[in-house]
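Asks: All chains should be modelled from the sequences, with the hints used to inform the complete structure.
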Amino acid sequence: MSINTSEQLSLIQKGSYRMKRFWFLGLMSATVALLSLACGGGDDGGSTASSGASGDVVIDGSSTVLPISEAVAEEFQFVEPDVNVSVGVSGTGGGFQKFCSDETDISDASRPIKDSERAACAAAGIEFIELRVGLDGLAVVTSAETDFLPDGITIEQLRTIFEPAAEDTITHWNQVDASWPDEEIEIFAPDTDSGTFDFFTDEVVGEEGISRADYTASTDDNVLVLGIADSAGTLGYFGYAYYSENSDRLQVLAVDGVTPTEETVSDGSYPLARPLFIYVKLSSLQEKPQVQEFVRFYLSDEAAPLVSEVGYTAISQAELDASRAALEAAIGG
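The opening residue of the sequence shown carries number 3 in this note's numbering; numbering runs sequentially from there.
Among these hints, one or two may not hold up.
[To be verified] Within a straight-line C-alpha distance of at most 25 Å, the following computed SDA-like cross-link-like pairs (lysine to any residue) qualify:
(1) Lys290 <-> Ala332
(2) Lys116 <-> Glu105
(3) Lys116 <-> Leu322
(4) Lys116 <-> Gly90
(5) Lys100 <-> Ser220
(6) Lys290 <-> Ala55
(7) Lys290 <-> Glu132
(8) Lys116 <-> Ser220
(9) Lys290 <-> Leu151
(10) Lys290 <-> Asp84
(11) Lys116 <-> Ala324
(12) Lys100 <-> Ala124
(13) Lys290 <-> Ser92
(14) Lys290 <-> Ala125
(15) Lys116 <-> Ala328
(16) Lys100 <-> Gly127
(17) Lys100 <-> Ile115
(18) Lys116 <-> Thr194
(19) Lys116 <-> Ser92
(20) Lys100 <-> Ile131
(21) Lys290 <-> Ile115
(22) Lys100 <-> Thr194
(23) Lys290 <-> Ala328
(24) Lys100 <-> Asn86
(25) Lys116 <-> Glu76
(26) Lys100 <-> Glu295
[Claimed, not checked] Per label pair, the in silico range of CB-to-CB distance:
(27) Ser56 <-> Pro183: 57 to 63 Å
(28) Ser271 <-> Ala51: 54 to 60 Å
(29) Ala180 <-> Glu264: 34 to 40 Å
(30) Thr261 <-> Ser56: 42 to 48 Å
(31) Asp170 <-> Ser53: 53 to 59 Å
(32) Gly127 <-> Pro307: 26 to 32 Å
(33) Glu185 <-> Ala51: 45 to 51 Å
(34) Gly334 <-> Ala234: 20 to 26 Å
(35) Ala125 <-> Asp216: 22 to 28 Å
(36) Asp222 <-> Thr261: 24 to 30 Å
(37) Gly57 <-> Ser271: 41 to 47 Å
(38) Gly57 <-> Glu210: 33 to 39 Å
(39) Gly127 <-> Glu169: 40 to 46 Å
Just so you know, these hints were derived from the structure itself, not from any lab. We treat Cβ as the ideally placed atom computed from N, Cα and C, and that holds for glycine.
Replies: What follows is the structure in structure tokens.
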């Protein structure tokens, strides 16, 4: 696969547009905050008033949760300009490795922590809390140029393509469905460090971590976007936000007749709907005021709309309230 300069520029421009948008939203939030302070206002969902915190907040992990954490970090800078928030991406598995090695304060995750990861954290003396921050309808996508999948794809067909037995065997679309063309299936999908890979293989193949390996794999979903958009007959999957940002060059496929939307993800009717999490180290929460304020902001009324802004589905108000209560209890020890 080759990625030309114009494609790279297009992706950069998309990112720049989003950043400008969040700068505008952040400016508006800061303005509202100043007006609120002047009038003595406030609310129970968190205030945009600065606490005077300073220092670093280090985040790593899921590429799926990355857009949410990036957006929250950008907005947070307007409230706490002396706090430096760094958001890395090494996949959910890679993020937990860093988290349990005491390298990060927060781990973004597109799946719940595994027992083995929990044990690694326990062995290192690292305690944490789990906070659900959004919902994702994992997007199964192809190029906008692909014209033979108007009805989408089924879980059974996806299993035929992705199961280990398909490696070097199921290489053309007509091997999956005789009505599809005799064209090569070019697959671009997350690598084995990705929580998206774990979730997809569990839901589609039937066993977590089990998949064919003869495809282009990457932790960087932007690389997958470019590969899938490059030509007709491609196939891949990643968090819905990456489809949303590139809907002009990709098409999302209905799965078992259901297309991912706010409604189908929220009510669970979309087969590949899943929760998104952040895991926060208790010692960071209790000893670093900047981490306290950042996570409070992450769950605030000001930040909650960002989940939808970047292409995901917000959790319910009841879940948000429960997360806020759990956070304050953890901070209080």
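Asks: Evaluate each hint against the coordinates.
Replies: Each hint tested on the structure:
Taking the CA atoms of Lys290 and Ala332, the gap is about 13 Å. The hint holds against a cut of 25 Å. Of the supplied pair hints, the one linking Lys116 and Glu105 holds, its CA atoms being roughly 18 Å apart against a limit of 25 Å. With a CA separation close to 23 Å, the supplied pair Lys116 and Leu322 stays within the 25 Å bound. For a cut-off of 25 Å, the pair hint linking Lys116 to Gly90 stands: about 20 Å separates their Cα positions.
The straight-line distance between the Cα atoms of Lys100 and Ser220 is roughly 19 Å, inside the 25 Å bound, and the hint therefore holds. With a C-alpha separation of about 9 Å, the suggested pair Lys290 and Ala55 falls inside the 25 Å cut-off, and the hint holds. For the hint pairing Lys290 with Glu132, the CA-to-CA distance comes to about 18 Å; that is within 25 Å, so the pair holds. Annotation: proposed proximity of Lys116 to Ser220 holds, straight-line Cα distance about 21 Å (limit 25 Å).
Note on Lys290 and Leu151: the hinted pairing is violated, with a Cα-Cα distance of about 51 Å set against a maximum of 25 Å. Of the supplied pair hints, the one linking Lys290 and Asp84 holds, its CA atoms being roughly 13 Å apart against a limit of 25 Å. For the proposed pair Lys116 and Ala324, the alpha carbon gap of about 23 Å is at most 25 Å, so the pair holds. Our distance criterion of 25 Å between C-alpha atoms is met by Lys100 and Ala124, whose separation comes to about 14 Å.
Simply put, Lys290 and Ser92 have alpha-carbon atoms about 24 Å apart, close enough for the 25 Å limit, and the pair holds. Restraint check for Lys290 and Ala125: the C-alpha separation of about 22 Å stays at or below 25 Å, so the hint holds. Between Lys116 and Ala328 the CA atoms are separated by roughly 21 Å; this keeps the pair inside 25 Å, and the hint holds. Annotation: proposed proximity of Lys100 to Gly127 holds, straight-line Cα distance about 14 Å (limit 25 Å).
Taking the CA atoms of Lys100 and Ile115, the gap is about 13 Å. The hint holds against a cut of 25 Å. Between Lys116 and Thr194 the alpha-carbon distance is near 14 Å, which keeps this suggested pair within the 25 Å criterion. Among the hinted pairs, Lys116 with Ser92 is consistent with the structure: their alpha-carbon atoms are about 16 Å apart, no more than 25 Å. Pair hint Lys100 plus Ile131 holds up; C-alpha atoms about 16 Å apart against a cutoff of 25 Å.
Distance check on the hinted pair: Lys290 and Ile115 sit about 23 Å apart at the alpha-carbon level, within 25 Å; holds. Annotation: proposed proximity of Lys100 to Thr194 holds, straight-line Cα distance about 16 Å (limit 25 Å). Of the pairs offered as hints, the one joining Lys290 and Ala328 holds, with about 17 Å between alpha carbons and a cut-off of 25 Å not exceeded. Taking the CA atoms of Lys100 and Asn86, the gap is about 19 Å. The hint holds against a cut of 25 Å.
For the proposed pair Lys116 and Glu76, the alpha carbon gap of about 30 Å is over 25 Å, so the pair is violated. Of the supplied pair hints, the one linking Lys100 and Glu295 holds, its CA atoms being roughly 22 Å apart against a limit of 25 Å. Taking the beta carbon of each, Ser56 and Pro183 are about 59 Å apart, inside 57 to 63 Å as hinted. Remark: the range hint 54 to 60 Å for Ser271 to Ala51 is contradicted by a beta-carbon distance near 41 Å.
In this structure, Ala180 and Glu264 meet the distance hint of 34 to 40 Å, their C-beta atoms being roughly 35 Å apart. The supplied range of 42 to 48 Å is met by Thr261 and Ser56, whose beta-carbon atoms lie about 45 Å from each other. Separation of Asp170 from Ser53 is about 57 Å and conforms to the stated range, judged on CB atoms against 53 to 59 Å. Between Gly127 and Pro307 the C-beta distance comes to about 37 Å, which lies outside the given range of 26 to 32 Å.
At about 58 Å, the CB distance of Glu185 to Ala51 disagrees with the hint of 45 to 51 Å. Distance hint check for Gly334 and Ala234: the Cβ-Cβ separation is about 56 Å, which falls outside the suggested range of 20 to 26 Å. Distance hint check for Ala125 and Asp216: the Cβ-Cβ separation is about 36 Å, which falls outside the suggested range of 22 to 28 Å. Checked against the hint of 24 to 30 Å, the pair Asp222 and Thr261 passes, with Cβ atoms roughly 25 Å apart.
At about 44 Å, the CB distance of Gly57 to Ser271 agrees with the hint of 41 to 47 Å. Taking the beta carbon of each, Gly57 and Glu210 are about 37 Å apart, inside 33 to 39 Å as hinted. Take Gly127 and Glu169: their Cβ atoms lie about 41 Å apart, and the range 40 to 46 Å holds.
In summary, the structure is inconsistent with hints 9, 25, 28, 32, 33, 34, 35 from the numbered list given earlier, while agreeing with the others.
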